[in-house]
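So the sequence lines, in the order shown, correspond to chains B and Z.
The numbers in my numbering rise by one with no breaks, and the one at position 38 of the first sequence is 38.
Heads up: take any position in the second sequence, counting from 1, add 1000, and you land on my numbering.
Because the hints were derived from the structure by calculation, they are not lab data.
Backbone N, C-alpha and C define an ideal beta-carbon position, used for all residues, glycine too.
Take every hint as true, because none was put in to throw you off.
Calculated pairs, BS3-like style, for lysine-lysine (alpha carbon to alpha carbon, straight line, at most 30 Å):
| id | chain 1 | residue 1 | chain 2 | residue 2 |
| --- | --- | --- | --- | --- |
| 1 | Z | LYS1181 | B | LYS80 |
| 2 | Z | LYS1181 | Z | LYS1133 |
| 3 | Z | LYS1127 | B | LYS80 |
| 4 | B | LYS94 | Z | LYS1127 |
| 5 | B | LYS80 | B | LYS94 |
Computed list of chain B residues with no C-beta within reach of chain Z, every gap over 10 Å:
| id | residue |
| --- | --- |
| 6 | LEU24 |
| 7 | ALA28 |
| 8 | LEU31 |
| 9 | TYR38 |
| 10 | ASP40 |
| 11 | THR105 |
| 12 | PHE116 |
| 13 | TYR123 |
| 14 | GLY125 |
| 15 | THR131 |
| 16 | TRP134 |
| 17 | GLU182 |
| 18 | VAL234 |
In silico negatives: residues of chain B with every beta carbon more than 10 Å from chain Z:
| id | residue |
| --- | --- |
| 19 | LEU32 |
| 20 | PHE34 |
| 21 | SER43 |
| 22 | VAL60 |
| 23 | PHE120 |
| 24 | ILE158 |
| 25 | ASN159 |
| 26 | MET162 |
| 27 | MET179 |
| 28 | PRO180 |
| 29 | ARG185 |
| 30 | PHE230 |
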Amino acid sequence: MESYLYASSLREFLRGRRLFPWLLLALAGMLLAFVWHYLDRLSSDVDRYTAVSQMLVFHVLALSSAIFSTAIVSQEVEQKTIVYLLTRPVTRWKLLLARYIASATVVSVLGILGAFLVSFGIYQGHPFTNTLLWRDVMSLIFGAFAYGALFLMVSLLINRAMIVCLLFAFGWETIVPKMPGEMYRLSIYSHILAIADHPSTQSNNPLVNLITGTFSANTITPAGAYITLFAVTVILTALSAAWFTHFEYVPREDAE
Amino acid sequence: MILLDHASRWYGQVIGLNDVSAQIGPGLTALLGMNGAGKSTMLRMITGQLRPTTGNVTVFGMEPFANANVYRRIGYCPEIDNFYEHMTGRYFVYHLARLAEFSREEANRRTEEVLQTVGMAERANRKIAGYSKGMRQRIKLAQAMLHNPDVFLLDEPLNGLDPVGRHEYIQLLHSLALQGKIILVSSHILYEVEQMTSALLLLHRGRLLATGDLRVIRSFIDRHPHQIRIETPEPRRAAGLLAGLDNVVSLSFAPGGEALQLEVRDPNSFYDALTSLSLEHALPIHGLSSPDNNLESVFRYLVEA
Chain B
1 MESYLYASSL REFLRGRRLF PWLLLALAGM LLAFVWHYLD RLSSDVDRYT
51 AVSQMLVFHV LALSSAIFST AIVSQEVEQK TIVYLLTRPV TRWKLLLARY
101 IASATVVSVL GILGAFLVSF GIYQGHPFTN TLLWRDVMSL IFGAFAYGAL
151 FLMVSLLINR AMIVCLLFAF GWETIVPKMP GEMYRLSIYS HILAIADHPS
201 TQSNNPLVNL ITGTFSANTI TPAGAYITLF AVTVILTALS AAWFTHFEYV
251 PREDAE
Chain Z
1001 MILLDHASRW YGQVIGLNDV SAQIGPGLTA LLGMNGAGKS TMLRMITGQL
1051 RPTTGNVTVF GMEPFANANV YRRIGYCPEI DNFYEHMTGR YFVYHLARLA
1101 EFSREEANRR TEEVLQTVGM AERANRKIAG YSKGMRQRIK LAQAMLHNPD
1151 VFLLDEPLNG LDPVGRHEYI QLLHSLALQG KIILVSSHIL YEVEQMTSAL
1201 LLLHRGRLLA TGDLRVIRSF IDRHPHQIRI ETPEPRRAAG LLAGLDNVVS
1251 LSFAPGGEAL QLEVRDPNSF YDALTSLSLE HALPIHGLSS PDNNLESVFR
1301 YLVEA
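Extracted from the complex, chain Z is given alone in its bound form (with noise of 0.2 Å):
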């Protein structure tokens, strides 16, 4: 279990991370927030690189600066594309599991179980230096996992991954969280993280915005109508009836006919009463789609408000 206690972070008069608490338990949770919004820092923190300068960070109870039962127990991917670039991918991937404390035997035979797992067994004997940007962030997964961590903190890992690379990355993270494993995985790409998973932190310069799930989240955001889109071949007597709503806010006609655009308020209540009105009132309903409840319209409407 990781747990932010009121967790600040100041690099002399600028704020990294501001007054952050929070709780993360197994599963996958995504870390998301702007460049700049405070992500890293927060990795850090629970990596032991940094210490808050106000406030709390324990991983399993255990303060992490510097602390090597909790270097035991988490596996991190950092953000940087640094490496040992004279190495080959099979030496560094070998070289971090000596320093995990493994015999040559088993560090030998973790490298090359983890680096069958990330796809890259049979080009890992070329330098770090000749390496694609997603053959690097395999490689990165590859030293974070050879120790089979209980945690794993994994800082901007898709970037730089194809399309293929990158459902084959995210089906890995989705058995390593049934397995019961922490996953905490930083974004500033919103769609990625709404391939991932629902469970979230979101941060914005310095602060936690929101956390739990997507949908929750979404719930709370009173101040901002859901919109949502009506596809009815009676597009004029369907907005008639849903006029008289209470809680529909707008209404409009959606370009090109048979469709009705709404701004509405308290979106559950507005679905049953729009199924009671279909119902009365023979009303043909073909779809029902809401366009901003996705991760993006949440992220927009938590950051301007």
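Bound-form chain B, shown alone (with noise of 0.2 Å):
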């Protein structure tokens, strides 16, 4: 049963007009990584890739994870199908498990393509030459699971859900690892970028970094990320779980 659960909810997330937005960006990644290739003859493979990857990959990665997590529950409820769901023989924690788990899943396989045809495109045809190739995949799977349980505990709490999960990819995950001090450990893509562990874009002119709203140095650990990651998505998703197995979900429209 538990198998079923996941490869049909894996069949549901694969579906081609899902994916097609998602494949399309990757192959624009792959282009721009080529352009960049013959603009920026100056830099190093390496940075060429960090600016690359980071743009196109890694923050696109919470905006996929908003929309195939809201997926998930929300979108049941709002499609009104949830009812076939909730009405069958099946424990309400194994279903959500199984469809974030399949929702992760998705996210994170369509990151590594990123990474990898971004990676085919600054190095010319050769991307496991890329020393940072297999970190970025670690990083991309612990980030899809850790916004995915974000997302999910999200979208049990509050309806209308995909608009609160967009603003906090694009704008808590934009600006908060850029702010001053110590504040950029509340972002998820800050441990992302600490498992990555690219090279550093900080400038040594301060001018420079407030231009480009570069404040602090990440001073994460690849380890604390790790952790701290695999934390944040055990807890929510266990949260996540309890919740969903202890209240109602029905679709409010239709509440007599």
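From these two lone chains plus the hints, build me the complex, please.
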């Protein structure tokens, strides 16, 4: 039963219409990487890869996670198809967990594909010569599961969760890592970058940092980032499972 | 057995179901009420999608909320017309069969069986997005019956079915009822319910107005005289004789003559008296009908009361 729950959820998330924009974006990343290689000949491959992957893979991870994670429950509620799932002899937490893992799997695979294609473009057809790639794979997997757990929790707590999740992805995750002091520790993105351990983009010139919005160096260690993201994932997923088990999920507009 | 014990359900300040107590056993029972009466709320409480705010709801002695043991025994056909539109009807039913804990082979076998039963086997490979309302209702019924449940909870299942489909659907429900299944069908269309069953639960604004057999319920409504139409070739003589009876409230001649319209209390004793009068005075009676002895009248009387 559990394997069917996971497989059917995976099939649902892998539908062509859902995947198409993300595949297009990954290909765009590869194209940009090719172009970048010729436009910025002074930088090293590592710097070029860092710039493009952070812009088109790591930042987009939160966005794709927001979209896929809200499909786990709140989209079912909005489409009113949740009734078919909740009136089956399936334990609610198992249903939620299977759908969450499937969603995070798809987001991870899309992120890894994006990183691979950017690497392919920057390294001119030899992506595996990129020494950053394997660390990026791990950081993208941990990031996808952590973002997924957070957005899942949000989608269980509030209606129209997509707006809040997108605000978090584009607002919080863009601004907080660049804020002065230790504020960046409150962002998942900072922890993902800590695992990826890319070369620092911080300049010695404070004016340049002001312009680029880079105020503080990321001092989170990879081990610390792994532990934090794992803890966030486990705690939020457990809370979501408990919440989903005990509360009602009936489309509101249907309530008489 | 489904049991509601002083069950109430509030949505914030709005009451969905108000202190309802009822017991629903094997056979076909209709849940009747206007839109917003609380029918869907009641069905959602029985199917464990909602918890009662106060009181209790049990199915075979178990609380239904998120209870897999209850879901193994109930088949629910929701009122909503929402599906996974990209799926074919066959895959939709198969998918729900797998979620009902059946193996791949068993799920396939049951899917074919129920699709055949609801008359959708030939059309089930089309995507649900292209289905008519009637086809959607059949697919909903198919997913409700694929695990051969003891209880069927059907929310407005006849909506959108053509007359032939309706007839087939009702026949199917009757055959399930004969197998000893508990079937609760909600509807706001009175004549549909009359065709299905005389056992009913009548809801209005969240309250259970009446429960039991339609004819018994009707007999309790003493505030409202029963209408009776008597067809006779001698309406004036009949009127003279009947006017003397205590339980005749009013009497008028039907347009076109040869018929009398009466309002009477205690119709059973009136029918006894009418038989005696007819025999004693050789009064010919060609027809006798009770135009308000139907569900619509019962419903109107109870709601107005």
